[in-house]
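> Single-letter residue listing:
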Amino acid sequence: MRQPLPIANPAFKRHESFLVHQRFLYLKVSLALCAAALFAYFYDDPAGARSGNSLTGYSLGVLSALLILQLAWMGIRKRRYRSRLGTVRGWASAHVYLGLSLALIAGLHCAFQFGWNVHSLAYILLLLVIASGVYGTVVYGGTPAQITANRGLLTREAMIIELEQLNEQSLRVADAVNPEVHRRLLHSISHAHIGGGLRTQVFGPEAARFEEEAVSTVQFMASQIAGMEHAAQKAEQARGLMDLLAQRQDLAERINRDIRLHARMQVWLYLHVPLTCALLAAVIAHITSVFLYR
Amino acid sequence: MRILIRSWSQQGAERASVDRLIDAHIIRIGRGTDQDLELSDLRIALAQAEIVRRDANAFLTAKPGAPVIVNGENIKEHKLRGGDVCEIGRFRLQVNPPPDGSDADFQLDVEELISQREERAERVGRLRTSLTDLHLSRRTLAWVLFLIVILPALALPAWLRFGLDAGGNTPMLVPTLVSDQVWKPGDLSTAHTYFKNDCGKCHQKAFVKVTNESCVACHQNIHSHAGDPHLASLPVFAAARCSDCHAEHKGARTPLIDHSNAACTRCHAQPQKNFPGTRLEPAASFSQQHPVFSAKVARYSSAAGRFEWIEASQQHAETLHSDTNLKFPHDFHLSPKGVKSPGGNKVLGCADCHVPDVSGASFKPVSMQQHCAECHRLDFDPDQPDRLLPHGQPAQIVASIRDFYAREALAGGAKIVGAPPVVRDRRGADQPLGTPQARAALQWADRRSSMVIDEVFNTRTCSLCHTVQATGDAALPFSIMPVAPQPLHRMEHAVAFNHASHSSEPCASCHAAAASKSSTDPLLPEINRCRDCHGDPGGTARIQTACVDCHGYHRPEAKDLAAPPAPPVQAMAMGTPR
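From first to last, the protein sequence lines are chains A and B. Here the first sequence stands for residues -19 to 274, numbered as in this note's numbering. Here the second sequence stands for residues 52 to 629, numbered as in this note's numbering.
This is chain A alone, in the form it adopts within the complex (with noise of 0.2 Å):
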């Protein structure tokens, strides 16, 4: 007799996102935040205009110095498996909502007054951190389920080894066809990009390149075979290098979009990390000097 499947398993629990964790506490928490600073900054009316120097615009100034070390130190935590202070998960979400309303609550310590000055790319260095960050999230969400579909069943490794297997093949079929063709497959192989530098793993390679060289292989074959003997012997082999060719372009893609996807999945992290230190740097420079020149 068959079991029923356990769909209604109570200990089957559907993926959450850490976006959500705890039924949105940190976006709760950010909103608070947020909420309380904006009181703060249109409750107060200090002498001469608002601006960081007031008793409320340093009181939003460490505030604001406070949350960007408690998100650098997502850096560190995230590495400390160890750690028993609350999970990734946790902080991840902490880190998400915690950074967007920092860009709110650093404007209102400054109360939105720019120039050409340390204090200023302070700022736009921290917008910068939130936008990579926004990003990463952004893409964190949707990536996954797009590797997923695009690689099928299939590893990237197995996937390379079909290609190189398909490469042989076709070169050994085009052998057969005429040592023009396998020439010219020849050429087309060795200029068919996978992977790459920076550039090309995160934007692809230059995809009309590729398909010319499989294009213009593909028709010269085709004004190859109409004139030749035992044409339609020929033309069979043709048609089954044709299928080749087809299927090795159609994988080519799928792993360069495999690459591409990691890529964009990992790249926004060369720019947030970095960028933060930047930042930390600015930070340090801004509460220096405002002291130092009081």
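You can take every hint at face value.
Label pairs and their calculated CB-CB ranges:
no., chain 1, residue 1, chain 2, residue 2, range
1, A, SER196, B, VAL175, 24 to 30 Å
2, A, VAL42, B, ASP583, 43 to 49 Å
3, A, SER196, B, ASP151, 50 to 56 Å
4, A, GLN50, B, ALA172, 43 to 49 Å
5, A, ARG179, B, ASP151, 53 to 59 Å
6, B, ILE165, A, ARG179, 26 to 32 Å
7, B, ALA290, A, VAL42, 20 to 26 Å
Selected chain A positions facing chain B (Cβ under 10 Å, derived; list incomplete):
no., residue
8, GLY32
9, GLU137
10, PRO159
11, ARG163
12, VAL247
13, VAL253
14, THR256
15, ALA258
16, ALA265
It is worth saying that the hints were derived from the structure and are not from the lab. The structure presented is a predicted model; accordingly, all values stated were derived computationally and were not measured. The beta-carbon is built from N, C-alpha and C at its ideal position, and this holds for glycine as well.
With the hints as your guide, set chain B onto chain A.
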């Protein structure tokens, strides 16, 4: 051309070679079975390259589209020399001198570098398919960015300012880029723009707030808010910093003076809280809570014969008058029917007497000679209307009248009713006057001048405007009570009021002069008249007016703010003429 081909292969753990001598003009290299040197690799063309002899040299030529690498470089044609290493596909061809005893031109060592499987593995391994393959270090990038920011933003400016030159004038290596200018939160006010890069002019010590002393170094004679030493020693004044109200680095367009009321109302909304015993009234906002106006008014002490100035508030209307000692009814002079004048009826306006001073803020003093004398003529004898008495000099007035009538009497021929014949009779210059006659004439002159003096002082002329007092002294029988010096009413707490900036309004819109019967009225408008147009900063219904728009901060008068208010003094009885 004779070439010894030595083909190497791996057999178990050992390398083995097979020699073959080829003697031909052209030696063809490729994957094809018809080639002289056959290389079995699918990635090599059927005919890939050729070795051709030309004169004494051998050349390696690549077929079109077939890659051949010699000594690491892709070549089309290459003159072979000993030691050259050629790479074709997975094969390596090395040119060596022929072995001893061989008659070959040279030896070509051919070796399959790696197996097909290894070659594929290597090719796959060379692919850069993830960002980690790019050997980009986030840590290095992070440090580079950290240094790029911290050096020009903090380290270099700090070194230039405090390490290199503690004098304050920061040397500019790259103007404004690498200097403490990058710390400047905003542009300086226009008054201080000339400091340029001399931050040390104000920021004298690191980590120490700009001191009041650095401001006072230039602004030497500035008054503090509280002139009274006792008040000045209170914490609220002792701890006051110039920058509390004068915020710098807000840009050239922002005034250096704080125009918000918060700094003032912090104390003045509840002055009793900060200054127990003060007579200051709460002033939380101009529109809602502001004391009524007070003016300094004159009080005349007859005993001392001088004026004192007391502060009188509109709250106590009975005190709000000045002892001017001058009879001047505004209502009579401003009558729309006009006043009598030598030139006929004349309608007067405010500006006929009140002429703006140079600044336009206030008015020149009203003067008898300029503004009154045209109508109020100081003549005394109906027969001689052009003979005038000097104003403001009672002794000279008495002397002038006496001299005039003495001469009339002694000269004779005066047409005065009731005068004795000796005065009325005409006399020639050669008709001397006897002593008894002269005495009689002078007696008449004394009587006559006494009468006229009394008339001038008490009835006709002086007493019209002045208070005349009898002295009992025959030589100078009357004196005039002194007139209060102008301005007669002083607004000391709102000195910034400017009449010129209110010139669009008629005088009567604030000053009820047309109804004033006495010069003792200060004619001070009520605060609500100001509130018709002026409101608080931030409001939109009225002209935004800050405390400092009317009140000065750096004023020395603040010293008597703790003193009790002046007691009300009864006004002097001042009659109105006619």
